[in-house]
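Asker: Sequence:
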Amino acid sequence: MEASQGAVKYVGLPTKASLARVETAAVQSRCGFRLEEDDMDPRAAAAAAAAGVRLRALLFWYDSSHLCEAEHYRAFVFARGRVPGGGFPEDSFGQAMHAEISAAAQAGRWREAHAAYGTYLHVDGGGPLVGHLRGRRFMEAAELQQQGWCGHRGSARAPGPRGPAGEAGEGASSDGDGPEHPAVSGGS
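All the letters of the sequence shown, read from the start, carry residue numbers 1 to 188 under UniProt numbering.
Bear in mind the hints are in silico, worked out from the structure with no lab data behind them. Remember, predicted model here, so these are calculated numbers, not experimental data. Check before you lean on any hint, since a few could be wrong.
[To be verified] Label pairs and their in silico Cβ distance ranges:
(1) Ala79 to Arg30: 22 to 32 Å
(2) Ala17 to Ala70: 17 to 27 Å
(3) Glu37 to Ala116: 16 to 26 Å
(4) Ser65 to Phe138: 32 to 42 Å
(5) Ala17 to Ala116: 28 to 38 Å
(6) Arg109 to Gln5: 44 to 54 Å
(7) Gly85 to Ala116: 15 to 25 Å
(8) Glu100 to Ala26: 31 to 41 Å
(9) Arg74 to Ala142: 38 to 48 Å
Backbone N, C-alpha and C fix where the C-beta goes; we use that ideal spot for every residue, glycine too.
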């Protein structure tokens, strides 16, 4: 981020949704203009090349796992009125960002609008780096294991639901993560 001289302010780790959203056809459909894979601020492109990473301009703010400059959060993202108290940036700030960039694109100025946000997606060709452990629906431990998940912290067991009266069910853990949480790190 520092090497980009202020051009890169946010780098999202790819999810299925964010990878789909940076595809040329998706940008054309959602934003009304054609965004090519290498279409980004030259400072961002140079910094990414020097670091040996691939970035793509991201025209929406995702709350999912990302890196962001703290000062950008303080001075821009959480500036008065952009995100309601207790709200998620994706729900309000992200929607406003998308609308602003899309409107600017109609006047041929999407780059200028995007520059204020400085959002990029890390793309290495390997697919999503972030996702829900159990997908968008609950999966039993056996199904997780069939898909190659070997367990948490070297455990051979996948987390499972709590049994009756709150005792640990098959694969669930009571290692201090709290009464309702299996021993799996959270995240989306």
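Asker: Give a verdict on every hint.
Answerer: To see whether the hints hold, each was checked on the structure:
1. Ala79 to Arg30: 22 to 32 Å: holds (25 Å)
2. Ala17 to Ala70: 17 to 27 Å: Distance hint for Ala17, Ala70 holds at roughly 25 Å.
3. Glu37 to Ala116: 16 to 26 Å: For Glu37 and Ala116 the Cβ distance comes to about 22 Å; the hint holds.
4. Ser65 to Phe138: 32 to 42 Å: violated (22 Å)
5. Ala17 to Ala116: 28 to 38 Å: Hint violated: Cβ distance 23 Å, outside 28 to 38 Å.
6. Arg109 to Gln5: 44 to 54 Å: Given about 21 Å between the Cβ atoms, the range is violated.
7. Gly85 to Ala116: 15 to 25 Å: holds (23 Å)
8. Glu100 to Ala26: 31 to 41 Å: About 18 Å separates the Cβ atoms of Glu100 and Ala26, which means 31 to 41 Å is violated.
9. Arg74 to Ala142: 38 to 48 Å: Check passed, 46 Å falls within 38 to 48 Å.
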